[in-house]
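Colleague: I would like the entire structure built from these sequences, with the hints used as guidance.
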Amino acid sequence: MSDLLSLTIAEARDKLASKETSAVELTDAYLSAIDAANPMLNAYVAVTPDKAKAMAKASDDRIAKGEAGALDGIPLGIKDLYATEGVHTQACSHILDGFEPRYESTVTSNLWADGAVMLGKLNMDEFAMGSSNETSYYGPVKNPWRKEGSNVDLVPGGSSGGSAAAVAAHLCAGATATDTGGSIRQPAALTGTVGIKPTYGRCSRWGIVAFASSLDQAGPIARDVRDSAILLKSMASVDPKDTTSVDREVPDYEAAVGRSIKGLKIGVPKEYRMDGMPQEIETLWQKGIEWLKEAGAEIVDVSLPHTKYALPAYYIVAPAEASSNLARYDGVRYGLRVPGKDIVDMYEKTRAEGFGREVKRRIMIGTYVLSAGYYDAYYLQAQKVRTLIKRDFETVYGEGVDALLTPATPSAAFGIADQEMASDPVKMYLNDVFTVTVNMAGLPGIAVPAGLDAGGLPLGLQLIGRPFDEETLFSLGSVIEKAAGRFTPAKWW
Amino acid sequence: MSVDSATVRRVAKLARIAVSDNDVTAMEAELNAILGFVEQLSEVDVTGVEPMTSVIPMEMKKRADVIADGDKADDIVANAPASEDHFFMVPKVVE
Numbered sequence: 000m001s002d003l004l005s006l007t008i009a010e011a012r013d014k015l016a017s018k019e020t021s022a023v024e025l026t027d028a029y030l031s032a033i034d035a036a037n038p039m040l041n042a043y044v045a046v047t048p049d050k051a052k053a054m055a056k057a058s059d060d061r062i063a064k065g066e067a068g069a070l071d072g073i074p075l076g077i078k079d080l081y082a083t084e085g086v087h088t089q090a091c092s093h094i095l096d097g098f099e100p101r102y103e104s105t106v107t108s109n110l111w112a113d114g115a116v117m118l119g120k121l122n123m124d125e126f127a128m129g130s131s132n133e134t135s136y137y138g139p140v141k142n143p144w145r146k147e148g149s150n151v152d153l154v155p156g157g158s159s160g161g162s163a164a165a166v167a168a169h170l171c172a173g174a175t176a177t178d179t180g181g182s183i184r185q186p187a188a189l190t191g192t193v194g195i196k197p198t199y200g201r202c203s204r205w206g207i208v209a210f211a212s213s214l215d216q217a218g219p220i221a222r223d224v225r226d227s228a229i230l231l232k233s234m235a236s237v238d239p240k241d242t243t244s245v246d247r248e249v250p251d252y253e254a255a256v257g258r259s260i261k262g263l264k265i266g267v268p269k270e271y272r273m274d275g276m277p278q279e280i281e282t283l284w285q286k287g288i289e290w291l292k293e294a295g296a297e298i299v300d301v302s303l304p305h306t307k308y309a310l311p312a313y314y315i316v317a318p319a320e321a322s323s324n325l326a327r328y329d330g331v332r333y334g335l336r337v338p339g340k341d342i343v344d345m346y347e348k349t350r351a352e353g354f355g356r357e358v359k360r361r362i363m364i365g366t367y368v369l370s371a372g373y374y375d376a377y378y379l380q381a382q383k384v385r386t387l388i389k390r391d392f393e394t395v396y397g398e399g400v401d402a403l404l405t406p407a408t409p410s411a412a413f414g415i416a417d418q419e420m421a422s423d424p425v426k427m428y429l430n431d432v433f434t435v436t437v438n439m440a441g442l443p444g445i446a447v448p449a450g451l452d453a454g455g456l457p458l459g460l461q462l463i464g465r466p467f468d469e470e471t472l473f474s475l476g477s478v479i480e481k482a483a484g485r486f487t488p489a490k491w492w
Numbered sequence: 000m001s002v003d004s005a006t007v008r009r010v011a012k013l014a015r016i017a018v019s020d021n022d023v024t025a026m027e028a029e030l031n032a033i034l035g036f037v038e039q040l041s042e043v044d045v046t047g048v049e050p051m052t053s054v055i056p057m058e059m060k061k062r063a064d065v066i067a068d069g070d071k072a073d074d075i076v077a078n079a080p081a082s083e084d085h086f087f088m089v090p091k092v093v094e
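So the sequence lines, in the order shown, correspond to chains A and B. Going by numbering that gives the first Met the number 0, the first residue of the first sequence is number 0, and it counts up by one from there. Going by numbering that gives the first Met the number 0, the first residue of the second sequence is number 0, and it counts up by one from there.
Derived by calculation from the structure, the hints in this document are not laboratory data. C-beta atoms are modelled at their ideal positions from N, C-alpha and C, and glycine is treated no differently. You may find that some hints are simply not true.
[To be verified] These stretches of chain A come out as covered by chain B in the derived footprint (C-beta under 8 Å, 3 or more residues): (1) 60-70; (2) 98-107; (3) 354-367; (4) 374-381.
Modeller: Structural data, given as structure tokens:
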């Protein structure tokens, strides 16, 4: 049974094709594992065993008839941000209490069309606002990784903390996630998994609860680079229902895994060497440089001068868009309603009770920076700085650089209820310092596990690509993976 | 720039979020910490720089002006806290 859980998607696909196992067996193995582990890890907020079994049965029928799709029989976990028809979809917020959409998101529709099996909905920071999964209405997720010899619970990162924890703990074969400022790559790095945020416009945003529409992108979290390529191939599509979906054929990403990187020019941006960065991160980064060099890549030093302004600009643009997107939660059309003495009182009470602290904080910041008299000083300035951030990347790519190598996060996983983070919101925001530039510029970025720190916790490296050149990221990522090996937590749950 | 408690109350009103006195005190400190952090943007010279409107250069897609969907009144009110005859029910707004 546990053998089935250790299979990657690529391995499971082979065993299903050769009839060594069945989709029903595989799905049952995951459902049992979830039953046993979830009370401890809290990765799933809703498990859908009946649906999973029915989908698995249908997969087995298709496999028997020789009509199997690219993901037939592969059990996946879905982030609670994705609309799934008739199934719990609450962005892990109290304000969407009881919401079960009557429609399916484009990305999950694509996965089901390829035969994937849904195990349930995964925990996340409320409305994807957070870097530790602690803002979820359903409580924090525990990282399956612990420091050697310690039983202190650590965060899995966020906002896709449930996705990352479930993949690392083998509670699904792979998971969907979303990334607005680092929400795929940071939790992947903190759990020893692989996460890719594709180019803005590559995956449809239709049916994904909106946080900051100009930054949000869907992507997978998986156990290895190949699995992440397999998942992205199915998730990505051209969708007339999303006007920012780009008309571009989806390439065969898996074919790029293991492809030679000889002659590729890799930039190392000096601005990512931050003050106070732990020596371990610096060492890991150097190792990554060596690995790529040994595989035939050319390493060049580059400069992205506006890097330090990406995070402050993000904390204007993202809350501004969020305050607008979240205006729809008013107790009228769906979710929670708290009665009031008149309609405005009802709106105000519903939103006061329905939104958590971090979400309120961001709505307030967004409302403030968009309000009369402040729009130019904050919002317009931030959008201009965003143009400069993107220009930095364009300059470097224009000089022939194929991709950039950086650390994924400034540290390994930290403790749940970390006092320093809790007392200063800005400290928590700094988790995304290496990832947020990529969202601001709309570029693809992948986080690949590259080693363990002194305490035995995983650390990741990030590769940033040219627009729509995810294939180069998969090729480079597989070189790092081959050199670093794969990392699995010791089971304590 | 920093906010005072009156501004916090005004913004909360604009955002339609009820706040208690305790909330206002806490939010004032938090918002000022965030505004202090983003303040550094003002040092960037943006002379002649266009604000970003689309991160990936592309033509705005336009769909044909035809009815392609509909007849979903049941679905639309299915999740409403209160509805009647395919209408959303809210507290009285006109006397």
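Colleague: Next, verify each hint and record whether it holds.
Modeller: Hints versus structure:
1. 60-70: violated (count 0)
2. 98-107: holds (count 5)
3. 354-367: With 8 residues close enough to chain B, the hint holds.
4. 374-381: holds (count 5)
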